[in-house]
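Protein sequences, first through last, are from chains H and A.
Position 50 of the first sequence, counting from 1, maps to 50 under the numbering used here, and the rest follow consecutively.
Position 3 of the second sequence, counting from 1, maps to 3 under the numbering used here, and the rest follow consecutively.
Incorrect hints may appear among the rest.
Facing chain A, from chain H, some residues (calculated, C-beta under 8 Å) [as the list claims (entries may be wrong)]:
1) Arg6
2) Leu9
3) Lys10
4) Val13
5) Leu14
6) Leu25
7) Phe30
8) Lys40
9) Ile44
10) Met61
11) Glu63
12) Ala67
13) Glu72
14) Ala75
15) Leu78
16) Gly80
Derived CB-CB ranges, DEER-like [unchecked claim]:
17) His23/A - Asp50/H: 23 to 31 Å
18) Thr69/A - Lys53/H: 15 to 23 Å
19) Ala35/H - Ala20/A: 13 to 21 Å
20) Lys51/H - Leu65/A: 15 to 23 Å
21) Gly80/H - Pro16/A: 33 to 41 Å
22) Glu60/A - Lys51/H: 38 to 46 Å
23) Ser56/A - Gln11/H: 25 to 33 Å
24) Lys64/A - Asn68/H: 12 to 20 Å
25) Lys53/H - Leu65/A: 37 to 45 Å
26) Val27/H - Pro16/A: 38 to 46 Å
27) Lys19/A - Val70/H: 23 to 31 Å
28) Pro16/A - Lys64/H: 15 to 23 Å
Calculated directly from the structure, the hints in this document are not laboratory data.
Here a beta-carbon is modelled for each residue, glycine too, at the ideal position from N, C-alpha and C.
Protein chains: 2
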Amino acid sequence: MKAIVRVDLKQGVLDPQGKAVAHALQVLGFEEVSAARQGKVIEIDLEESDKAKAESRVKEMCEKLLANTVIERYAIELEG
Amino acid sequence: MKAIVRVDLKQGVLDPQGKAVAHALQVLGFEEVSAARQGKVIEIDLEESDKAKAESRVKEMCEKLLANTVIERYAIELEG
C-alpha cells in the first residue's frame with residue numbers, strides 16, 4: 001500500500017518560501033500570480049494491506065515525525 | 001483560479017530526504033515502512049479565468065522556475 005501525505009502550513013502562519021516563489025514569478029513576468037504557498041508531499045511505501053490500520057499508522061507517523069502540528073496541517077491519501 | 005503544482009524527483013534520481021524520512025520512521029518503530037520519497041507542492045493563486053491559458057502559463061512557470069526539469073518532474077492541477 002502507498003500513502004501520500006501532504007503537509008502544509010496552517011492558515012495564518014507566515015510562509016516566506018511561498019512569498020519568495022510568488023515574488024520571483026512576478027519578477028519573471030507572471031503578473032497574474034497574486035500569491036503562492038509551498039508545502040511538501042511525502043510518499044510512503046507500506047507493507048500493510050489493511051486500509052484502516054494503515055491510515056491510523058500513517059496518522060501516527062504524521063503526529064510523531066512528518067508534521068509539526070503546531071504550525072502545520074496534514075492530509076493523508078491511501079492508494080492500492 | 002488556483003493552480004496546484006506538484007514537483008517530484010524523477011525516477012532513478014537519488015532522494016536523500018526521502019531516505020532519511022524512511023529511516024527515521026523505521027527507527028521510531030514503523031517497521032512496515034519500506035521506502036519514502038519527498039517532493040513539494042506549490043499552490044498558486046492566479047488572476048486568470050481561462051483554464052487553457054492558465055494551464056499553459058503555469059507550465060511555463062514550472063519550466064522557468066518551479067522545477068529543475070533535469071532531475072524533477074511536475075504535475076499541474078487547476079481548481080476553480
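query = Holds or violated: 25 to 33 Å for the Cβ distance of serine 56/A and glutamine 11/H?
reply = Given range 25 to 33 Å: holds, Cβ gap about 30 Å.
ask   = At the C-beta level, are alanine 35/H and alanine 20/A separated by a distance inside 13 to 21 Å?
value = violated (30 Å)
Supplied contact hint for glutamate 72/H, tested at 8 Å Cβ to chain A = It is violated, given that the least Cβ distance between glutamate 72/H and chain A is near 13 Å, above 8 Å.
task = Grab the minimum C-beta distance from alanine 75/H to chain A and call the hint holds if it beats 8 Å, violated otherwise.
result = Violated: closest Cβ of chain A sits about 11 Å from alanine 75/H, beyond 8 Å.
query = Given a hinted range of 15 to 23 Å, is it respected by the beta-carbon distance of threonine 69/A and lysine 53/H?
reply = Violated - the Cβ-Cβ distance for threonine 69/A and lysine 53/H, about 38 Å, lies outside 15 to 23 Å.
inquiry  = Holds or violated: the hint that phenylalanine 30/H contacts chain A, with Cβ atoms closer than 8 Å.
reply    = Because about 6 Å separates phenylalanine 30/H from the closest Cβ in chain A, which is inside the 8 Å limit, the hint holds.
request  = Using 8 Å as the Cβ threshold, decide whether glycine 80/H counts as touching chain A.
outcome  = violated (13 Å)
query = Can the hint on leucine 9/H be confirmed by a CB-to-CB distance to chain A that is less than 8 Å?
reply = violated (11 Å)
key: Outcome for the supplied range 37 to 45 Å, where the beta carbon pair is lysine 53/H and leucine 65/A   = holds (41 Å)
request  = Given the hint of 15 to 23 Å, check if proline 16/A and lysine 64/H actually sit that far apart at their C-beta atoms.
outcome  = For proline 16/A and lysine 64/H the Cβ distance comes to about 21 Å; the hint holds.
key: Restraint satisfaction for methionine 61/H [CB to CB of chain A, less than 8 Å]   = At about 6 Å, which falls below the 8 Å cut-off, the nearest Cβ of chain A leaves the hint on methionine 61/H intact, so it holds.
inquiry  = Tell me if the beta carbons of glutamate 60/A and lysine 51/H are separated by a distance inside 38 to 46 Å.
reply    = holds (39 Å)
In summary, the structure is inconsistent with hints 2, 3, 4, 5, 11, 12, 13, 14, 15, 16, 18, 19, 20, 21, 24, 26 from the numbered list given earlier, while agreeing with the others.
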